[in-house]
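For the sequence shown, numbering that gives the first Met the number 0 assigns the number 0 to the initial residue and increments by one for each residue that follows.
Derived from the structure by calculation, the hints contain no laboratory data.
Hints may be right or wrong, so weigh each one.
What the hints assert, rightly or not - Calculated lysine-lysine pairs in the PhoX-like style (CA-CA distance at most 20 Å, straight line): (1) Lys116 / Lys144; (2) Lys3 / Lys60; (3) Lys214 / Lys204; (4) Lys159 / Lys214; (5) Lys116 / Lys3; (6) Lys82 / Lys144.
To be verified - The calculated label-pair distances, taken between Cβ atoms and stated as ranges, are: (7) Glu70 / Lys214: 22 to 28 Å; (8) Ser21 / Lys263: 16 to 22 Å; (9) Gln106 / Asp234: 35 to 41 Å; (10) Glu23 / Ala57: 20 to 26 Å; (11) Lys213 / Lys159: 27 to 33 Å.
Ideal placement from N, C-alpha and C gives every residue a C-beta, glycine not left out.
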Amino acid sequence: MDRKFILSCCSTVDLPYDYMESREIPVLCYTYTVDGEEFTDDMGRDPEARPRFYRMLAEGKLPHTSQINVETYRAFFEALLQKGDLLHVAFTSGQSGSVNNAYLAAQELQEQYPERKIVVVDSLCSSSGYGMIVDMAADMRDNGKTLEETEQWLLENRNKFHHQFFSSNMTQFHRTGRVSGAAAAVATILSICPLMRLDAAGAIKAYDKVRGKKKAVAATVDEMQAHAQGGTDYDQRCWVCHSQCPEDARMLIAALEERFPRQKGKIRLCDIGPVIGSHSGTGTVAVFFLGDERPVMD
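Hey, can you work out the whole structure from these sequences and the hints?
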């Protein structure tokens, strides 16, 4: 296929690497460190990597993630620019400053390669919601849209990709300082699940809490109905991801399939990788869909 431009992204799309290869989307991988040892977010290329990561969490080890630096972006971008113009869709600035380094690298390379075009777009999306927006950008590329047309669509629609999720395990939220030890203990005892979403800036915001997974699933489905394009007649993509709690994810999928029978194709089930999982821990389930503009939240 003769494509008009190259589309790339980062590993925090939380999709399998072989899927990204099949769509011809080059991926720049984040890294994380545990006990001084650096690991690569390899997106499932090593089938033992993700289970090993979650075992380390279960052992009480605290992983550390870091931004991708300018030099790493420059090397990644420069190799791709040898082949054509480049559109890089970046991980949300609401959760990482990496996109600023991507902008700097792109600016330097644009000056070095004036005959090429390089554009970086802040997705304002995370995990498999980030994967979904990249996947749809790939559809546009494959359907003959130009880099400029795809960039404009991304900028106009990135805040319509909803990320609605809940967690039944507060351990990692406590370890990373997001909630106090007392709050985490109470949540565990009472089976409290915080309800969270991404706001207009691509940052995680908790907005409510319920007791028990069944209520969390019901509340999540209700939120999708309130915001999805078309309500219960929603007929576009719907993806779900989870961190080591497939039964909870399947419970959510069953409820979504019942409420939204017209959605496009089967709901895709994805795994939360180690970079996102370093902050969410286990027990998190999310749904991603197209809806109204995401709200600005304090």
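The hints, checked one at a time:
{"no.": "1", "hint": "Lys116 / Lys144", "result": "holds (15 Å)"}
{"no.": "2", "hint": "Lys3 / Lys60", "result": "violated (45 Å)"}
{"no.": "3", "hint": "Lys214 / Lys204", "result": "holds (19 Å)"}
{"no.": "4", "hint": "Lys159 / Lys214", "result": "violated (25 Å)"}
{"no.": "5", "hint": "Lys116 / Lys3", "result": "holds (11 Å)"}
{"no.": "6", "hint": "Lys82 / Lys144", "result": "holds (18 Å)"}
{"no.": "7", "hint": "Glu70 / Lys214: 22 to 28 Å", "result": "violated (47 Å)"}
{"no.": "8", "hint": "Ser21 / Lys263: 16 to 22 Å", "result": "holds (19 Å)"}
{"no.": "9", "hint": "Gln106 / Asp234: 35 to 41 Å", "result": "holds (40 Å)"}
{"no.": "10", "hint": "Glu23 / Ala57: 20 to 26 Å", "result": "violated (36 Å)"}
{"no.": "11", "hint": "Lys213 / Lys159: 27 to 33 Å", "result": "holds (29 Å)"}
Hint compliance for this structure: hints 2, 4, 7, 10 are not met, and every other hint is.
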